[in-house]
Structure formats: structure tokens, C-alpha cells
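Q: Sequence:
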Amino acid sequence: MAEASLGSLLPVLLLLTSLVPAAVIFVLPEPRERARRLVNMAGAILKVVLTGVLIAGVLGGGEYEWRRELLTGVDLVLRVDPIPLLFVTLSSILWLTTTVYAIGYLEPGQRRSRFFGFFSLCVTATIGIALAGNLVTFLIFYELLTVATYPLVVHQGDHRALVGGRAYLLYSVTGGAVLLVAVAWLHVLAGPVEFLEYAPLAGLAGEHATSLTLIFVLLVAGLAVKTAVVPLHGWLPKAMVAPAPVSALLHAVAVVKAGAYGIVRVVYDLYGLALAQQLRLLTPLLALAAVTIVYGSLRALAQDDLKRRLAYSTVSQLSYIVLGVGIASLTGVTGGLVHLIHQGIQKVTLFYCAGNLAKQLGVTRISEMRGVGRRMPLTMGAFTVAALGMIGIPPTAGFVTKWHLGLGGLEAGQGWVIWVLLLSSVLNAAYFLPVIARIWFLRVEGERPGAPTLERDLERDPWLVLPAVATGLSVLLAGLLAGAPLSPLSWAASIAQEVAGS
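If you're matching positions, the sequence shown starts at 2 in the working numbering and goes up one per residue.
Mixed in with the good hints there might be a few duds.
Said to hold, decoys possible - What follows is a set of in silico ranges between Cβ atoms, one per label pair, in the way DEER data are often shown: (1) W420 x A275: 23 to 29 Å; (2) G74 x L482: 44 to 50 Å; (3) R281 x W420: 19 to 25 Å; (4) T211 x L423: 33 to 39 Å; (5) P395 x R366: 28 to 34 Å; (6) Q278 x G363: 34 to 40 Å; (7) W417 x A203: 25 to 31 Å.
Hints were generated in silico from the structure; no laboratory data involved. As the structure is a computational prediction, the values presented were derived from the model and not from experiment. Note that the Cβ used here is the ideal one computed from N, Cα and C, for glycine as well.
Input sequences plus hints: build the corresponding full structure.
A: Encoded structure:
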């Protein structure tokens, strides 16, 4: 009985570790910096600890589920399954590093109580999305994420922020409405279907194949907005007016990753690979991902603004996850799942570094980055590692992703995937390598050869430097230790075995 109570309590406690801090922070007066910092850090650390408890419990055969009736015949369900636990682990760890980073980034007087309150609500919604046991629960937290993130996008309060916020809200609300129609239609057709229960939909495939296909299209369309799949990506570059911690959260953990994660769950845990293949749903998904991968990289090439270049890079890189979903092979599934983690750690590092450049040097454009590597070596070292990971240079995490996606394409008889990955890597190199060359090998205008350029004060704040260095190091370790037990790759491969078997 005690075990059952603990099993139902842990998912709720995981939510409360960010929901309670949000409530406390909202009522804290703005000058109470030390109290706000303590609440932030305590919640983030406790979430990581509880995630570790869940990992140990699941490895030991434990089951964790919380369920309450929401409406007649509709339950609100929080459940810890293998794929959710992967996403929860990423969210918890990167929330901790981003909390540390945001504490150092935001200056006094920048409405920090409001910022950190909505920041914690955003993480609460993300964890709720991860643990959702059915589509109704997923939809509730998915919409809460939109509401919680909007104030973060418009935090600066100027005209550009409001324009970016309106674009984000318009796209997100429209996508949410499409998702609501799909969820309601599926409920009418099949009743309350939960994730990992494949029989109800499989039983309808003969008589209602067309309806199931249309519902799938609506589900993916609603989720593709936050995933920034072409042509539904327009909001993402505009949202780059948000502060750097928000950009890091948007691109690595919360909004865009929630959309990609939703597509993973719809294909793997709602329809299942067998039914998705039977209804011929995966080939269009593959084509859409391939177009987005190439388009995002081409648009990134043309951007001088660093955050906009990173935004279009996200458009491209997120669709590696969608590409892995569409490759119905064991290795392809592994590549798509592991990129949930790899894209997160690489992209969060890049945005930390971009924020440090803007804050310490006022540098926001690539054309202004001459010689910044010698002025901020730790920050730019982390940036370089993450950029090489995006290109797919071994032994980084990005190489592991692309290797498995390529092999997965060959296993599935989709050899053209190799060419998409090669083209993407060439384009990645074209928009990252010149930046790396500029920051390390070009001198600041007027700088004398041999003159010292290291300015130690620029990297003296550990709140800003340590998150970037830590996540940059993880990009290397995820590649070097890919074969180790409990590495992201090993974890993704274990989940892929279950997905393929089901």
C-alpha cells in the first residue's frame, strides 16, 4: 500500500517542485533577491533529485501513476513511462542550469519576480506534458505552456518584444485549437484512449482508416506549430527578442521540444509504428522533416544576427527528431529519440554563449564577433564545441545522432536520408565554421599582433560562465561515452527496442 501511495505521489511532487516556487516567487517583493534565489535553486535541485529517484525506481521495476477523474469518462493522468522519463530528465537538468544562468543574467529592476514566476510555471507545464498519460492531459499542459511562456517572450516590454509575442501567441493558439479538434474527434471515435494502449485504434483501422488518417494529420499539424516545422515556423525567429535565458528555454527544453515530443508520443505511444505504417502516415512525415531540415539551414546562412541564425538552426535541427520518428527502423528510432537530448544540450549551450556575448560585450551580430574567443575563451570554447556538435563532427553528441539516423535510413530502405543528412551537415558547416573562424582567428580591429586580449573580468561571474561550460562539456561527454550504461544513446536504444517491439 505504501509503495502504491508513493508511486502515485511522485509524479505530483515532480510538478510541485516548480509550481510551488512559482506561487512563492509571484508574491515575493522585487527587492527580496536572496529569498527568490533560494526558492529558485531549491525547487530546481529538488526536481533533479526526484528525477533521479524516478530513474532508480523505473530501473528497479517500479510503476508511478497518478490519476483523477476530470470529466465523466475522462481522467487526468500523470504516468512515468520510458519516453516521458527521458524528457523529464532533460527538462529537470536544463531547468537547473538555466535557473543558474538566469540568476546571473537578469539585472536588478528587470521585473525578476514576474520573470522567475512564469519561468517556473513554464517548467511545470513542460513536466506535465512529459508525464501526460493521455491526450486530454497532454492538451491541458500544452495550452498552459503557451500561457506561461507568452509573458517571458514579451518580458522586455518594447515594441519588438510585443510584435514577437503576438506572433508567438497567434501561431500557438491556432495550433492549440487544431490540436483540440483532433483530440475531441478521436475521443468521439474511440473513447478515452491512453498512451501505450494500441488496441483501441488498431481495432478501428479497418472501418475508420480515413478518419484515423485525418485525425493524425490534425494532431501533427497542431504539434508542428511549436516544433517550427515548415511552413509553421514563422513565429520562432520573431520570438528571439526574448532574453537569452528564455531563448535557451524555448529552444532546448520547453516550447519547441514540447511539440517534437508530442509528435514522438503520437506516433510511438498513441498510434504505434505498426498502425502508422499500415495507414501510410510515416512517408509524408519523413518528407516534411527533410524539407524543414534543408530550409532551416538555408535560412540560417543568410542571418547576421546571432540569435536569429541560431533560431533557424533550431528549425532545422528539431526536424531530425521528426525524421527519426518517420524512419521505421530500430536504429532510426534510436537516432530520433536520442536527439531529444542531444539537440537540447547543444542548443542551450549556444544560447547561453550568445547571451554572455550580448551582456558582457554588447555583441549580437556575427559581423561583430571578431576575436571574441581570445577575450572570452571559456564561453567561446563552449560555443565552439556545441557548434561542432550541430555540424556532426565526431566525437560530439551531434555526430552520434546523425550516424544513427543515417544507419536507420539504410535499415528502412530509405537511402535518400543519407543525402539529406550530408546536405544538412554541409549547410551546418557553412553557417557555423565561419563564425568559429571569426571568433578565434580574426583580430579585433586596431588590435596589435601579439597584444594580450584576455579580459578576465568578462568571465568572472560563475552564474553566467558555469552553465555554458557545463552543458558544453556534456556535448562532448554524450559523444565520448555514448556506449556507456545510462548514456542518452543507451537509454534511447532501450526505448527503441520497446517501440519497435510494440
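Q: The structure should be examined with respect to each hint, and the outcome stated for every one.
A: Against the structure, the hints come out as follows:
no. : hint                    : result
1   : W420 x A275: 23 to 29 Å : 28 Å, holds
2   : G74 x L482: 44 to 50 Å  : 46 Å, holds
3   : R281 x W420: 19 to 25 Å : 22 Å, holds
4   : T211 x L423: 33 to 39 Å : 37 Å, holds
5   : P395 x R366: 28 to 34 Å : 30 Å, holds
6   : Q278 x G363: 34 to 40 Å : 53 Å, violated
7   : W417 x A203: 25 to 31 Å : 29 Å, holds
Hint 6 from the earlier list is the only one contradicted by this structure; the remaining hints agree with it.
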